[in-house]
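Trainee: Make the full structure from the sequences, and use the hints.
Listed in order, the protein sequences are those of chains A and B. Be aware that the first sequence starts at 1, since it is given in our numbering, and climbs by one per residue. Be aware that the second sequence starts at 1, since it is given in our numbering, and climbs by one per residue.
Be aware that one or more of the hints could be misleading.
Note: identical chains are not told apart, hence a pair may lie in one copy or across any two.
As the list claims (entries may be wrong) - Using 30 Å as the maximum straight-line C-alpha spacing, the simulated DSSO-like pairs for lysine-lysine come out as follows:
1. LYS124 x LYS7
2. LYS228 x LYS7
3. LYS191 x LYS352
4. LYS7 x LYS206
5. LYS24 x LYS263
6. LYS393 x LYS263
7. LYS263 x LYS7
8. LYS393 x LYS309
9. LYS191 x LYS345
10. LYS81 x LYS352
11. LYS7 x LYS81
12. LYS338 x LYS263
13. LYS300 x LYS338
14. LYS206 x LYS81
15. LYS194 x LYS309
16. LYS338 x LYS309
17. LYS81 x LYS24
18. LYS81 x LYS345
19. LYS24 x LYS124
Hints listed in this document are in silico derivations from the structure and should not be mistaken for laboratory results. What you are looking at is a predicted structure, and each value in this text was computed from that prediction instead of being measured.
Protein chains: 2
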Amino acid sequence: MISNAMKPFVNGSSQIRAMIEEGKRLARIYGAENVYDFSIGNPGLDPPQEVFDAIDYINHELDPHYVHSYPSNAGFESTRKAVADDLNERAGGDYFDAEHIIMSCGAAYSINMINKCIFDPGDKLAVFAPYFVEYGNWALNWGAETLVVPANEALNFDPDAEALRELLVPEVRAVMLNNPNNPTGKVYSIKALKAVGDVLREAEEKFGHTIYLIADEPYRELVYTDAKVPFPCDYYEDSLIAYSWSKSLSMPGDRIGYVAVPKCAEGHEELAEALIIAGRVLGGTNAPTIQELIVERCLKCRSDLDYYKRNARDLYEIITGAGFEAIYPQGAFYMWFKSPVPDDKEFVNAAKEERILLTPGSAFDGPGWARASFSISNETIQRSREAFERLGKRYFG
Amino acid sequence: MISNAMKPFVNGSSQIRAMIEEGKRLARIYGAENVYDFSIGNPGLDPPQEVFDAIDYINHELDPHYVHSYPSNAGFESTRKAVADDLNERAGGDYFDAEHIIMSCGAAYSINMINKCIFDPGDKLAVFAPYFVEYGNWALNWGAETLVVPANEALNFDPDAEALRELLVPEVRAVMLNNPNNPTGKVYSIKALKAVGDVLREAEEKFGHTIYLIADEPYRELVYTDAKVPFPCDYYEDSLIAYSWSKSLSMPGDRIGYVAVPKCAEGHEELAEALIIAGRVLGGTNAPTIQELIVERCLKCRSDLDYYKRNARDLYEIITGAGFEAIYPQGAFYMWFKSPVPDDKEFVNAAKEERILLTPGSAFDGPGWARASFSISNETIQRSREAFERLGKRYFG
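Mentor: If you want it as structure tokens, here you go:
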């Protein structure tokens, strides 16, 4: 019944499913409050008050026909204009007009729109390990394979431009870059990003075709240190931005994001037109209208950074205090720390015995490490201290 | 910059675009009130009051974390259960449990989810002309070609089961069926549907594999005569239902629908699982949550049928009064009428000179006919009378 093309997606999905089921099983046995679930990617906060106010306004003050009928496939003109203006202001340049912004139902959908426009079967997408494995599925939807640039611990998990240079082949049409990063919680250094830009420009010259950098930026606003997240065009012109308000407004269920095609990107006009068509023929048709109108009114709103900042600090203290080696999270809401044994799945299973749920690094092509998502209550983090101490004692005595 | 795979989608899109631009151009010249735009597919009504009440309830009474964070990819359990119960009640049988309903961002997305699960490159989708041409794009997304069963005027545009039988080849994995129909406004006769079911069962036997009937049903509730829209399983077991609330609640911008996999369909358990994964890896991730919670509360609400009924009656009277041969609309919100010249594009251009905007039948693989969408104000329909009379005089004197 299921197509051969679909089977690898189904098979690849069982691991995630098993993890979710295991979390539920433990919660049933020990009570949800006694399970320390660091495996989830749901923002731990409610959306800011402005979101609720915007919904009231949209529901009561705007023309219902405007709100609920089809907008153009690319989204409301006013929303696109507001997003373009806001991006120009933040990037400090004239990068976007309204027609360079195509509204979408989230960053995952944005990336599929991009992939559909640029990949032919046999093409390749380069990714920097560790990386979110769905990138591979979203490329495979359009027949493209994933080329993994190995993680480089010596670079403290910055993207390894030299390794990229060695791996690049003519089939590579795009490079995925997620900054701030899931799963490492890194904000990539500007030096590393510039090096990636240099390698890609050199490769464009060598291979004679455009290579797009797909900047997956749902965590752009979630930064807890003084690290800067540069605007992609600052280090590479042929950049396409996939954004979602899932994290910045704590509303992932709402499915609202965009693709932004800056004027500095090769073929930006043709590509923006094609992206609109891709958004339609993929079946999404348009981004949901209530949500477009919400974000148009909440472009300056942010989630409570202090919440994540405190969680980052406290979890880092607990995990390193228990003897583990961890990278201090600069952004996103993940802590990346070293498995005390080479087999990170074995380690994650040991943690489970202490009712700590983690995601093995190998699920991100980053074996030997583990990811703890700290988008949970600070109270849960505090209560996990003893469990982490017991887990540490197993390895460090 | 654009992939070869994407090019046919871009090229095919220019015709629709040209029509929209032409409508805007005429409105600029003559004023929007002097252009009779029968080319649009937007519902002419506002959503029923219950939708606005539901939004207030969701925004003020429900736990914000529940509303705005990720539900499971298939949607809220309560929404799926409510939809399953409602469908069972209406179909008069035990066809669905919650796990047979996968929420989606609209019928177009539902069909893409289905297509991704069942098509391998080289497979075929059979469609009955005239048909919505996006069906072809949604199949082509997954490498499947479209096999067109020609329109049969002698059958009054009912699906032609005998023609289907002659065209069926082993590569056909699915047949698309849109009832009530866009563009004909037909509710297919039960006799014709049963004949289609018989042909498909026979073909499954002959070719030794399942052939799914994809029932695209966004217009299920929009019926103006006593014609019945049978539940697909009543005439064919291996049916999958793609639904959207775009028309029944007049909220197409909101992007909310489902795939329903009845228990009578071969492989329903495996398929329902695969559909959830398809919905995720296509990038939609989940249907938008506010909208899931709206429809859960509005399952018994309907758009104002009298509005469409009156428009159907009045437009039929105007168009036939001007001398044209038309099919009386039984459902959806389209009137299908005969071009007085074989070249329907020439006819549509002549209509444009009278400021009447129509869609040529050939845009639906139904040459020699034209489609008038009557989801517009009754006043506009009334004001179009003289323009139709002038248009009729050009051909009938």
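Trainee: State for each hint whether it applies.
Mentor: Cross-check of the supplied hints:
In this homomeric assembly, LYS124 and LYS7 come within 30 Å of each other (Cα to Cα) both inside a single copy, at 20 Å, and across copies, at 19 Å. For the homomeric pair LYS228 and LYS7, neither the shortest alpha-carbon distance inside one copy (41 Å) nor that between copies (38 Å) is at most 30 Å. Taking the shortest Cα distances, LYS191 and LYS352 never come within 30 Å of each other, neither inside one copy (38 Å) nor across copies (59 Å). For a Cα distance limit of 30 Å, the shortest separation of LYS7 from LYS206 across copies, 25 Å, qualifies, whereas the shortest one inside one copy, 37 Å, does not.
Taking CA atoms no more than 30 Å apart as the test, LYS24 paired with LYS263 passes between copies only; the shortest distance there is 27 Å, against 47 Å inside one copy. For a Cα distance limit of 30 Å, the shortest separation of LYS393 from LYS263 qualifies neither inside one copy, at 55 Å, nor across copies, at 52 Å. In this homomeric assembly, LYS263 and LYS7 come within 30 Å of each other (Cα to Cα) only across copies, at 22 Å, whereas the closest approach inside a single copy is 39 Å. In this assembly of identical chains, LYS393 and LYS309 lie within 30 Å of each other by CA distance solely inside one copy; the values are 27 Å within and 75 Å between copies.
Taking CA atoms no more than 30 Å apart as the test, LYS191 paired with LYS345 passes in neither setting, with 33 Å inside one copy and 59 Å between copies. Proximity of LYS81 and LYS352 under a CA criterion of 30 Å is satisfied in neither setting, with 48 Å inside one chain copy and 32 Å between copies. For the identical chains of this complex, LYS7 and LYS81 are inter-copy neighbours only, at 27 Å across copies versus 41 Å inside a copy, given an alpha-carbon limit of 30 Å. Taking the shortest Cα distances, LYS338 and LYS263 never come within 30 Å of each other, neither inside one copy (41 Å) nor across copies (47 Å).
Taking the shortest Cα distances, LYS300 and LYS338 never come within 30 Å of each other, neither inside one copy (36 Å) nor across copies (54 Å). Proximity of LYS206 and LYS81 under a CA criterion of 30 Å is satisfied in neither setting, with 37 Å inside one chain copy and 56 Å between copies. In this assembly of identical chains, LYS194 and LYS309 lie within 30 Å of each other by CA distance solely inside one copy; the values are 27 Å within and 63 Å between copies. In this assembly of identical chains, LYS338 and LYS309 lie within 30 Å of each other by CA distance solely inside one copy; the values are 21 Å within and 67 Å between copies.
Taking the shortest alpha-carbon separations for LYS81 and LYS24, only the inter-copy value of 20 Å comes in at or below 30 Å, while the best intra-copy value is 44 Å. Taking the closest pair of Cα atoms, LYS81 and LYS345 never come within 30 Å of each other, the shortest separation being 47 Å inside a single copy and 36 Å across copies. Neither within a single protomer nor between protomers do LYS24 and LYS124 lie at most 30 Å apart by alpha-carbon distance, with minima of 37 Å and 41 Å respectively.
In this structure, the earlier hints numbered 2, 3, 6, 9, 10, 12, 13, 14, 18 and 19 are contradicted, and the remaining ones agree with it.
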